[in-house]
Amino acid sequence: MTEFTLDRRKFLAGGAAGGLAALLPIDLLHAQPNNGKTLTVVLPSNPITVDPINQLNHDAMVLGQTVFENLVEYDLDGVLKPQLAKALPTISADKKTYVFELRDDVTFQNGKKMTAEDVKYSFDYLLDANNKAARRSLFTRITKVTVLEPYKVQFDLSEPYGPWLYFLTKYMGIFPVGSRQEHGDAYFKSSPKGVGTGFGIFEDWKPNDSITFVKNPNYWRKGLPHWDRLVVKMIPEDATRVAYLLTGQVDVISAPPPREFNKLKTLPGVTGASRPTLGGALLMYTNTLKPPLDDVNFRKAIACAIDRKTIGDKVYYGLLDPSSVPAPPRGWWFNAAADKELGYDLERAKAYLAKSKYPTGAEIDLSIQAEPYLLDTKDAAIFVQAQLAKIGIKVNLKVYEFSVLIQQAIRGEHQMALQVFMSPGEPSYILQVCLTPDQVLSKSTGYNNPELNGLLAKAFAETDQDKLKDIYGAIQTIVARDAPIGVLGYVHAANLWRPTVENFKVNQGLTISVGEVKV
Amino acid sequence: MVLVRAVAGRVLASLGTLLIVGLALFVLTRSGPSSPARIVLGVDATVEQIRDFERVNGLDRSLLAQYGDWLAQVARGEFGRSFVTGRDVAAEIVNALPVTLSIVLTAFAIAVVFGGALGTAAALRPGGVVDRLSRFGTVIGLSIPAFWLSILMIRVFAVDLRWLPPGGYAPLSAGLVTHLQFVAMPALSLAVYYVAVLARMTQASLQETLRSDHVRTARAMGLPRRKVVVYALVNALPPVVNLAALSFGYMFGWALIIEQVFNVPGLSRALLNAISQRDFLLLQGIVFLFTAVFILANLSADLVNRLLDPRQRTAA
Chain X
1 MTEFTLDRRK
11 FLAGGAAGGL
21 AALLPIDLLH
31 AQPNNGKTLT
41 VVLPSNPITV
51 DPINQLNHDA
61 MVLGQTVFEN
71 LVEYDLDGVL
81 KPQLAKALPT
91 ISADKKTYVF
101 ELRDDVTFQN
111 GKKMTAEDVK
121 YSFDYLLDAN
131 NKAARRSLFT
141 RITKVTVLEP
151 YKVQFDLSEP
161 YGPWLYFLTK
171 YMGIFPVGSR
181 QEHGDAYFKS
191 SPKGVGTGFG
201 IFEDWKPNDS
211 ITFVKNPNYW
221 RKGLPHWDRL
231 VVKMIPEDAT
241 RVAYLLTGQV
251 DVISAPPPRE
261 FNKLKTLPGV
271 TGASRPTLGG
281 ALLMYTNTLK
291 PPLDDVNFRK
301 AIACAIDRKT
311 IGDKVYYGLL
321 DPSSVPAPPR
331 GWWFNAAADK
341 ELGYDLERAK
351 AYLAKSKYPT
361 GAEIDLSIQA
371 EPYLLDTKDA
381 AIFVQAQLAK
391 IGIKVNLKVY
401 EFSVLIQQAI
411 RGEHQMALQV
421 FMSPGEPSYI
431 LQVCLTPDQV
441 LSKSTGYNNP
451 ELNGLLAKAF
461 AETDQDKLKD
471 IYGAIQTIVA
481 RDAPIGVLGY
491 VHAANLWRPT
501 VENFKVNQGL
511 TISVGEVKV
Chain Y
1 MVLVRAVAGR
11 VLASLGTLLI
21 VGLALFVLTR
31 SGPSSPARIV
41 LGVDATVEQI
51 RDFERVNGLD
61 RSLLAQYGDW
71 LAQVARGEFG
81 RSFVTGRDVA
91 AEIVNALPVT
101 LSIVLTAFAI
111 AVVFGGALGT
121 AAALRPGGVV
131 DRLSRFGTVI
141 GLSIPAFWLS
151 ILMIRVFAVD
161 LRWLPPGGYA
171 PLSAGLVTHL
181 QFVAMPALSL
191 AVYYVAVLAR
201 MTQASLQETL
211 RSDHVRTARA
221 MGLPRRKVVV
231 YALVNALPPV
241 VNLAALSFGY
251 MFGWALIIEQ
261 VFNVPGLSRA
271 LLNAISQRDF
281 LLLQGIVFLF
291 TAVFILANLS
301 ADLVNRLLDP
311 RQRTAA
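Line by line, the protein sequences give chains X and Y.
FYI, UniProt numbering numbers position 214 of the first sequence as 214, with every residue one higher than the one before it.
FYI, UniProt numbering numbers position 15 of the second sequence as 15, with every residue one higher than the one before it.
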């Protein structure tokens, strides 16, 4: 037997070795057999729920979209395509009846086959006012859901309303008959295991840290997903989120800091891309019922005095596409002539001001949000303040917390308010919510124009894209004429990821899309 | 007996403070301009939906009634269920508390050991190298913002050198070395300011004691230098203990920033989320706990000082 003696030299050597071990690279210290492929993505905020019918945060929609699916999907390129339905729906001539043929090879994560009964149950649950789904109001034009055959379902609408199909991906999901009563709302909110048809099965939620999903082995799209486990981490601090990526602790991050984005994406070991969203608008709600914004020429003076291109290039480092109308420059429904009408032109701005009731200028309050959401609007607000000063309009910046600012806009208590407004990315949402009566944000502008309302109703009944382009073009012409709302531009969605991640594409809808990603 | 009575008095006073702070907290959290319903139900929620939510969650009742219910719950060790996340508040606190505690305790240990040692060394040789270095170091320590130091440390130790993870947390059960690797940077960033504060206080207090009559007498009597220093240290400790106890309480507050930067899922992260999500119950629970820690730290300082200083015992 070997005798073990410890002298001072051995003790010191051992201590030094221990000290060195503690300083070894963390990857080495954590080296362990990797039996499965884990994809780790990072969100900048802390989600409240996984449940799509109550989801408010667009970053957090990755959670619901992992577990739940819909009849059709508004995909990351902004294309509407079938998901749980075999094809896009058949729509009746009066545009009030939609019939979907469902796939017959889809099972829920609990092993139960998905049928038309589940679709009916899911929509009936969403539409029942007693269930208080936050997203119910978007779908209230659906009056009846009827099961025609085990894999065929019909939707009846009270009036033609095409946009509802585009809202499904963000705000709805199909769940099994009886599941809401069986499990309760809290289950869908924070541990929806087995109740979706999606590619990931909910596994665990560590509050303030991460939410994990495991691969759905019976997913109907064979071969997907390519990962075994999905970890969605929450890291609110920009610098830390980036550090996690640079040190290989995570694979994909959302909301990279705009100032650093162009530099970061060129670093070795980092890939990055951005693309314009079709629905993320930097809006300036102008309360047309309050002086001096009650004067159309005054509003047009403001619109023409703002150099949106400089805001896009210098304030947001290219992550904002300038637009002066509520349509993204890269959207098929964008009307360039209308955009030009309200575009930057200081001389025209001065001329409009001179024609207004306030020819010598005026003083207005601009409410802005204290904490950034998608983009920090404070820098843009300072720039707007400086620009409007050039034509004699004095802007007082008022900083409010999100919930206070949105209340002001809902009640119409503000004069002007600047905010990033994320919509599903189809043409009607912002127009309807902000510029027509009896909507949540109707009072944010106080605008009500029967001509615009009529055109919008016409758009809801139309499905042909060429005709829709004309209708939405005409609406933008009205907006350019009346300037009822300030638009500064459309934000880009941006992501950074590690080169080990394949098939990753930035989603025009902002939410990280992970279903087809390889790691 | 006198001592027991005095301690019981302090404990009762502490409980009273806790109740008053609890009430203030309750009123303040509910005096904000918007309801948590707006956060949960979203921008599109109707007035009826908001009212329903408030009724179901008892937010439409009088403040006093809500406070009474809450106190009764707390007495039973329950903090209620968050109406924003639906999770049990007590469970959330119990999960997050060890994380914050491990960082704060490590930072506190660093602050006490290094602050005390530096202050003592500097006081023993005024004008010497250690004294000058200590003065320079403490000015730096007092001036560097913790969040900036944190970001700098992440850059150097995590991104460039890859010695330590950039953030996150591993519990002790993951192994001591791993645990310390995760705790090292947050604890150090948190400790730097308090090392400086405690070093300054230890130095000032010890120097004053060393100049006092009884120490001069001890020296004149020919007591060994080491013994004199130990006596002086014990005499110099009470203000340092008070400051250390206060620092311990403040550290919980500063951990708010540190945990955010290092992405540590501790109490402070939970608190910030509770604030932004108008999660009253979670917010109350955590701040109530912070208050209790602060009061407990002060109470402990009082008790330690009574042990260190015979005059305080007699006064009691």
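Hints should not be assumed to be uniformly reliable.
Taking lysine to aspartate or glutamate and the EDC-like style, the derived pairs with C-alpha atoms no more than 20 Å apart in a straight line are [to be verified]:
(1) X:K132 with Y:D60
(2) X:K443 with Y:E48
(3) X:K206 with Y:D213
(4) X:K355 with X:E371
Label pairs and their computed distance ranges (CB to CB) [claimed, not checked]:
(5) X:K355 with Y:Q66: 36 to 46 Å
(6) X:V399 with Y:I140: 45 to 55 Å
(7) Y:Q66 with X:A129: 47 to 57 Å
(8) Y:V139 with X:P291: 35 to 45 Å
(9) X:E117 with Y:R51: 25 to 35 Å
(10) X:D124 with Y:L105: 52 to 62 Å
(11) X:A87 with Y:L101: 33 to 43 Å
(12) Y:L23 with X:T360: 49 to 59 Å
(13) X:G184 with Y:D309: 26 to 36 Å
(14) X:K37 with Y:L246: 12 to 22 Å
(15) X:E203 with Y:D160: 33 to 43 Å
(16) Y:W148 with X:D104: 56 to 66 Å
(17) Y:A75 with X:K86: 54 to 64 Å
Read the hints as simulated data drawn from the structure, not as lab findings.
Glycine included, each C-beta is placed from N, C-alpha and C at the ideal position.
Cross-check of the supplied hints:
With a CA separation close to 18 Å, the supplied pair X:K132 and Y:D60 stays within the 20 Å bound. Simply put, X:K443 and Y:E48 have alpha-carbon atoms about 18 Å apart, close enough for the 20 Å limit, and the pair holds. For the suggested pair X:K206 and Y:D213, the alpha carbons sit about 59 Å apart, so the restraint of at most 20 Å is broken. Distance check on the hinted pair: X:K355 and X:E371 sit about 37 Å apart at the alpha-carbon level, beyond 20 Å; violated.
Between X:K355 and Y:Q66 the beta carbon distance is about 56 Å. The supplied range of 36 to 46 Å is therefore violated. Separated by about 33 Å at the C-beta atoms, X:V399 and Y:I140 break the suggested range of 45 to 55 Å. At about 27 Å, the beta-carbon gap between Y:Q66 and X:A129 misses the expected band of 47 to 57 Å. For Y:V139 and X:P291, the Cβ-Cβ distance of about 55 Å falls outside the hinted range of 35 to 45 Å, so the restraint is violated.
Checking the proposed 25 to 35 Å range against X:E117 and Y:R51 shows it holds: the Cβ atoms sit about 34 Å from each other. Take X:D124 and Y:L105: their Cβ atoms lie about 54 Å apart, and the range 52 to 62 Å holds. One distance hint, 33 to 43 Å for the beta-carbon pair X:A87 and Y:L101, is violated here, with the actual separation near 58 Å. Under the hint 49 to 59 Å, the C-beta atoms of Y:L23 and X:T360, about 53 Å apart, fit the expected range.
Hint check: X:G184 to Y:D309, Cβ distance near 59 Å, so the stated range 26 to 36 Å is violated. Between X:K37 and Y:L246 the beta carbon distance is about 50 Å. The supplied range of 12 to 22 Å is therefore violated. As the Cβ distance of X:E203 to Y:D160 is approximately 34 Å, the hint placing it in 33 to 43 Å holds. At about 60 Å, the CB distance of Y:W148 to X:D104 agrees with the hint of 56 to 66 Å.
A C-beta distance of roughly 60 Å is found between Y:A75 and X:K86, which places it inside the suggested range of 54 to 64 Å.
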